[in-house]
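*Asks:* Residue-level listing of the chains:
Protein chains: 4
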Amino acid sequence: MKKLKLGMVGGGQGAFIGGVHRIAARLDGKWDLVAGALSSNSQRAALSAAELGIAPDRSYVSYHEMAKAEAARADGIDAVAIVTPNHLHADPAIAFLNAGIHVICDKPLAATQDQALAIKAAADASSAKFILTHNYTGYPLIRQAREMVARGDLGKIRVIQAEYAQDWLTEVTHNKQADWRTDPKQSGAGAIGDIGTHAFNILSFVSGLHTEALSAELHTFVDGRQVDDNAHIMLRFSGGARGMLWASQVAVGRENGLTLRIYGDKGGIEWCQEDPNKMIFTPFGAPSQILTRGGSGLGDGNDRWTRIPPGHPEGYLEGFGNIYNDAADYITASNDGALLPGIEEALEGMWFIAACLESSEHDTKWITNPIHS
Amino acid sequence: MKKLKLGMVGGGQGAFIGGVHRIAARLDGKWDLVAGALSSNSQRAALSAAELGIAPDRSYVSYHEMAKAEAARADGIDAVAIVTPNHLHADPAIAFLNAGIHVICDKPLAATQDQALAIKAAADASSAKFILTHNYTGYPLIRQAREMVARGDLGKIRVIQAEYAQDWLTEVTHNKQADWRTDPKQSGAGAIGDIGTHAFNILSFVSGLHTEALSAELHTFVDGRQVDDNAHIMLRFSGGARGMLWASQVAVGRENGLTLRIYGDKGGIEWCQEDPNKMIFTPFGAPSQILTRGGSGLGDGNDRWTRIPPGHPEGYLEGFGNIYNDAADYITASNDGALLPGIEEALEGMWFIAACLESSEHDTKWITNPIHS
Amino acid sequence: MKKLKLGMVGGGQGAFIGGVHRIAARLDGKWDLVAGALSSNSQRAALSAAELGIAPDRSYVSYHEMAKAEAARADGIDAVAIVTPNHLHADPAIAFLNAGIHVICDKPLAATQDQALAIKAAADASSAKFILTHNYTGYPLIRQAREMVARGDLGKIRVIQAEYAQDWLTEVTHNKQADWRTDPKQSGAGAIGDIGTHAFNILSFVSGLHTEALSAELHTFVDGRQVDDNAHIMLRFSGGARGMLWASQVAVGRENGLTLRIYGDKGGIEWCQEDPNKMIFTPFGAPSQILTRGGSGLGDGNDRWTRIPPGHPEGYLEGFGNIYNDAADYITASNDGALLPGIEEALEGMWFIAACLESSEHDTKWITNPIHS
Amino acid sequence: MKKLKLGMVGGGQGAFIGGVHRIAARLDGKWDLVAGALSSNSQRAALSAAELGIAPDRSYVSYHEMAKAEAARADGIDAVAIVTPNHLHADPAIAFLNAGIHVICDKPLAATQDQALAIKAAADASSAKFILTHNYTGYPLIRQAREMVARGDLGKIRVIQAEYAQDWLTEVTHNKQADWRTDPKQSGAGAIGDIGTHAFNILSFVSGLHTEALSAELHTFVDGRQVDDNAHIMLRFSGGARGMLWASQVAVGRENGLTLRIYGDKGGIEWCQEDPNKMIFTPFGAPSQILTRGGSGLGDGNDRWTRIPPGHPEGYLEGFGNIYNDAADYITASNDGALLPGIEEALEGMWFIAACLESSEHDTKWITNPIHS
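Protein chains in written order, with the numbering used here: chain S, 1 to 373; chain W, 1 to 373; chain V, 1 to 373; chain F, 1 to 373.
Hints are computed from structural coordinates only; laboratory data are not their basis.
You may find that some hints are simply not true.
Sample of chain S residues at the chain V side, in silico, Cβ under 7 Å [said to hold, decoys possible]:
| hint | residue |
| --- | --- |
| 1 | H219 |
| 2 | T220 |
| 3 | Q226 |
| 4 | G285 |
| 5 | A286 |
| 6 | P287 |
| 7 | I290 |
| 8 | L291 |
| 9 | G297 |
Values in this document were obtained by computation on a predicted structure and should not be read as measured data.
Built from N, CA and C at the ideal position, the CB exists for glycine as well.
The following block holds chain S by itself, in its conformation from the complex:
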C-alpha cells in the first residue's frame, strides 16, 4: 500500500488541533506528513517542521507559495490539512483547491458567511475534494446509529435532544486556545461555532433530517467575553420532528459532554461522547440494550471502522482517524465519501451559526433554513 502525502497549514508549536490531525493521519498508516506551512512566524514554522521530520525545502512560510510549489512537484502532496483559526480557513482552502489539491479543513468552515461562500465557489470549480473534519461522525457507534435510523429501527423520528457541554471557559481564561476562540474576528462565534456546530452536525448526520428552522437564545456569562458561552436552541425538522440543542462552555463538571438522544415511534437511542464505545438502544416495549463498538448484535460489518475488539476502548483519536482513513480511501476512490462531511455539511454549519446569531439578536425569532426549504 502506497501512503498518501499530506501537507498542513497551521498546527505549529503551541497549537492544539494540528497535533490531533497529525495523530489521526498517522494512526492507520495511510498518510505521510511531508510538507507544511505550520506557522506565519518563519522561525516557528521551521522549528515545528524540523520536529515533525518535514524536509526544510517543504517547510513553507506562505501557504500560497506552498500550494504552488507542491502542485508543481512530481511528489507533491495529495491533500492539505487546514488547522488554522476559523478566519484563516478560506484563504488557504481556496489556494489549495485552485491548485487541485484536496483539502481537509477543520470546522467550522469559516468565520464569516462571505468566506464560506468563497470556499464553496472554489470547491465547486475545483476537481479536488473538500472534507470538513466533523470528527465525531467518525465514531463507529455514531455511524451505527445513522444506519439504524436509516433502516427504520427507531421508526419515524419524533424528538432529538442534543447537547455539547464543557466547562473550560467558566472563568476568564487566557491561552492560545481560549484567545482565538473568544475573539469574534477570528472565530466568528463562541460556543455555537466551536462546539454547537458539532452537535448540530451529528444530529443531522445520524437522523438524516433536515432542520427547517431554529430559535436560539445565546448568552455570555463571563464578564467581558465578546462571544456567546452558552446557547439554548429549539429546532424544527422536516417531517415534524422537534428538537433541542444546548451548547455551553460554562457547565461546571462537564469536560467534553457531547450527547445525542433520538426518539422515534418505535425506538430510541442515547449516546455520550465521553463513553463512546457504548450506545443504549431501546426498542419500544422491550428492555434497553447496550450496544458496544464492534460488539454482539450489531449485524454484519459491525467491526467496520474499528481496529480492536469490543471491550478494548477506542476513543476520540480513533474516531478522528476514521475521517483521515476514509479521506484516503475517498481520494483513492476506494469509497464514495458518503460518510464524510463535505462542503454541504460545512455550509449547513455556517447557516446554523448565522441563524443562531440572528435569532438571538431578535428575541429568539424563528429563522428558517433557506438552503433546502
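With chain S's structure known, arrange chains W, V and F on it following the hints.
*Replies:* Quick look at chains W, V and F alone, frame taken from chain S:
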C-alpha cells in the same frame, strides 16, 4: 406519639396515586387512614374502604358530606388527601379548607386557572394548611442541593437544565391512568401538566430563582391525542440565569427520567430521579464528587430526611413519605413548613402550564410571569 | 383486610434494625405492631413502647413473659420479630415457637451452632413458622434472577461472583451498632456473619445451587478488633460451578456494596444492591439488556413484588417490606412461603460462618458441607 | 526528532496483536517500521511486508537471519517487536538480544519456565534492553494510581481485588486467535496466562506490593478445552495485605473486563479498563471523587502520558502507545524506564502462571514466591 388522622378523596380500586399517598402516609407511622370518599361509585367506595380498614360509617360517597361529618366529629380527620384527577381537585379542596381541615392535594393544582384561583381564595380564607404533593422535593439530595445553592456552593447560578422524560404514552394507550391524563377536560394539559410541572417545581425549589419568562413549543406526536405529549421550553430567570426544560411522554427508553442539572460560576450539580441516592457535585477546578444520601461529606444533619444508612437505597416512596412526614410535623407545629410546597408553588405551576399553552399557541412567544415580576 | 398483629423483641431506642423491621411491616398495611419487649432496660422498654403506640400492658420487659401472655390473649400477636443481637436470638425464638407464635428473626440465625440447633429443634417441634429476614431476597429483580436461572435463561451455571463490601468499620468505631457486631460473644463472627451470610444467601437463592465446600481466608485489619473485617472465600458448587465471595467492612468507598454476578453457558446476569432497580442480562452472542424492576420484557407478572411503576425507584425498605408482606400471606396461607428464607437457609448460613472460621484457622483448608453432601 | 527504527517478528496477515503493536508504535511518530520476519510462511511474509511498506530486502523469513542482517546494517533496526505466540518468544528474543538489538516482547514472557530463564540469561548478558508489553500499565490513570499509592493517599494497603473477565471463549471457538491460545504447547496456559498475568501485573504495578504466596483454583468449563478458562486466586502480599484475582474467558456479558480495586486504611481506588478515562478515589470519610485522565485535581503533571484534553477519551491503543513512547525515550535515554515492565516483571508473570498451575493441581495449596521471599 399520637398519630394524626387522615382522610382521602379519590384513590379507590384501580387508581394509582392514591395508593402511593397511602404508603407514603404509612411509612413513618405518623398517620392513620380513617376516613374516605374513595370513589364516586358507591359500591366501589365501600369495597375500597373495607379493603383499607376504614370503618363503614366513615366511608363516604360525597366528599361534601365527608367534610361536614368529619369536621363535626371529636375524632375527625386532621387532614385530607385529595388524589382525584386534576379537574376534581378544586371542589373537594375548597370544601375541606372551608371546614377547617388541612388539605394535602396532588399536583397540578387544578385543570383550569379559575379552579386554581378558587382554591387559592379558600386557602387564604381558611386557618387550615394547604400542601401540594410535589413529592420530588422530598428526596433528601434535592433538599441537600437546595441548601448547597443557598449557601453559595455553586456560586451565582447561570444555567439550569431540567428534563422529565417518559415513554409510556409512545403509542395510543387506554387505561384508567392514561385516559384522564389525555383528556384535556380532566387534566387541563398533557405532559406539561403531568410531569413538566414537577420538573419546573424542583428547579425552582433547588435554585431558589424566580422564572421571569418562558417560551414553549408543545407538540402532540400521537395521532388523535388531544393534549401535548412533548414540550420544549426555554426559561429566563431573575438574576440573568437561563434554562431549558424538556418534558416528554414519548421518549422511548425513558421510564421516569426526571433530571436536574444546575451550573453556577463556582460549581455544578447533577441529579437523576432514577438513581436518587447520589448526586454529582463539581467545584470548579476540582474533581467531581459523588454525594450520597446520608453519606460522607454532606455536613451536619446530612441524615435528616433519611431512614437508613447510605448505600441502602431509599426511593420514590421514601421521598413521598418525607412530604407526609413533614406535613404531620407542620400540622403539629414541629416544623415551619418551609420545605413543603404550598399554595404559592401550586399557583406557580398553574402559571407554568398556562404560559406554556399560550406561548405554544403563539409560535413560542415569550410569556412573562405576572405573579412576581 | 384484617391486619396481622406483630410483636417485637429488641429494637428499643438507639437500635437500628428494629426500626427497619417496623417500617417494613408498616409499608403495605398488613401488620400492626401491638406488643413488644423492646429493651431489657425496663425504663427504655416503656419509653420505646410509648413512642411506638404500644399499649402499656403489652410492653414487656421479659420476652418469656411476653410469649406466655400474648399466647394467652384472644387478641394476641400473630408473629414476633426478633431484632436483638445474634447471641440473643435463640432464647426468645424458642420461647415464641414453643408458645405457637410465628417467628420472624433477624439474621444470622445465632451466635453459636448450639444456639442454632436449639432453634431448629424448637422450629421442628412447633406448628409455628420460622422466617429469617435475609431481606435482600425480597428485591424484585433478585427474585426475577432466580426465575431466570430456574427456567434456563443462563443455561448451566458455571461461575458465581458474589461480594458484599462496606467501609464503615475501616477504623476503630464505637457505637451501639459497631460494638455488638465486633464482640464475638454477641455476634459470633465479624464481616462473614454480618454481611457475608447475606451474600451467601442470595447467591444460593438465585442460583439454586448447593455449596459443596468452601475455602476461606479471614482477616482482621483493624488493630484490637476481635472479629474478622475482611473475608476471601472460594466456593465449589454441586454440578461443578465455581465461585468467589468477598465480604469486607474496610473497603473504603463502598457503602453497602452487595453485588451478585452469575454466568452460565448461555447467559450472564449482574446486579448491585446499591442500584437495585436494574439488572444486566446478557444472552451469549447478543447485546446486554438492562432489565428494570417492573419494566419491559420481563414476562408476565413482572410487577409482582413491586408497588409503583418502573422508573420510580424502590429500595431497601421496599425489599425488606416484601419479606413482611410475604410473611403475612404465608401465615394466612395466601402463599406457600417458597420464597421466604426459613430454618434450612438459616442453618446453611450457620454452616457458612462455621466453615469460614474453621477453614481460615487451618490455612484455607477446604471444608465440606455436611448438611447436604 | 529522528525516528527510531522498528522491526517485527510475527504479526503477518491474520494476526491480531501485531497490528496493535504497529498502531501503538505509529501513534506518536517516534518509530518507523522498516523490517520484519512477519510470518514463517515465506509468501505470507512477503505479502505482509509489502502491505506495510517494508522494503523487500528487509522482509525476512528467518528471524535469526533478520537479527544478524539488521545488526550488521548501518541503518539497522533499533528494536524488534516480538508478537508471536508465547512458545515462540524465547528463540527470537534471545537472537536479537544476542545481536544487541532492543527487544519489545508481547506477554506472557514464554510458554515454559525454561524458555523464560533462557531469555533472562540472554537479557542479563546483553547490553540491549528488554521490555514486556504489559500494556495496561500504559493507561494514564493506572500510572496515576501507582503514584497515589506510593505517596500514601490510600494509607497502608489492606485489600486488593483484581479481575479480568471476558466471554469470547464461552463456547468452543476456532480461529487463529483462539486456536493457539487454547493449545497448551503454544500458550503454556489458558486464561491465567492470556489475561490473568495482566491483572497480576497491574495490581503489582499499582500497589507496589510483593506477592508472597497464592492459592489457585483453575477450571475448564468448555468440554475438550485443554487449558483453563476460569481461575479463582487468593493472594497474600508482603506487609499483610490480602487479595483476590478472578480471570475468566467464559463470563457471559464481559467483553474485556479488567478491573482493579485497592483499599488502604486511608482511601480506596477503583478503575475499570472498559471505561479507562476515569477512576474513583475515596478518601475515607469524604465523598468519592471521580478522577479523570488529565482532569482537575490530579496535581502537577497530570497530563503526562496523555495527548488530548480530559473528556476526549483515550483508549486501549493510546495506553499501548505509551509503552512504545516510553520505550523510545528509554532507548534514547530520555527516561529511566522505571515505568516499563522489564525482565523482572516478566519473570514474576511466569511465576504467577506456574504457581497457579501447581496450586490448582494440589487442591489450592498455597505456593510461595521464591523470587523475592
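*Asks:* Measuring from the C-beta of S/I290 to each C-beta in chain V, is the shortest one below 7 Å?
*Replies:* 4 Å, holds
*Asks:* Does S/G285 pass the interface hint, meaning its C-beta sits closer than 7 Å to a C-beta of chain V?
*Replies:* It holds, given that the least Cβ distance between S/G285 and chain V is near 5 Å, below 7 Å.
*Asks:* Does S/G297 pass the interface check with chain V, least Cβ-Cβ distance below 7 Å?
*Replies:* Where the cut-off is 7 Å and the nearest Cβ of chain V is about 4 Å from S/G297, the hint holds.
*Asks:* Report holds or violated for the interface hint on S/L291, using the least CB-CB distance to chain V and a cut-off of 7 Å.
*Replies:* 5 Å, holds
*Asks:* Was the hint right that S/H219 lines chain V, CB cutoff 7 Å?
*Replies:* This interface hint is violated because 32 Å lies over the 7 Å limit.
*Asks:* Does S/Q226 pass the interface check with chain V, least Cβ-Cβ distance below 7 Å?
*Replies:* 44 Å, violated
*Asks:* Quick one, is the S/A286 hint okay against chain V at 7 Å, beta carbons?
*Replies:* Holds - the Cβ of S/A286 comes within 7 Å of chain V, reaching about 5 Å at its closest.
*Asks:* Once the shortest beta carbon distance from S/P287 to chain V is found, is it less than 7 Å?
*Replies:* 4 Å, holds
*Asks:* At a threshold of 7 Å, is the proposed contact between S/T220 and chain V supported by beta-carbon distances?
*Replies:* With a closest approach of 37 Å, the S/T220 hint is violated.
Hints 1, 2, 3, counting from the list given before, are not met by this structure.
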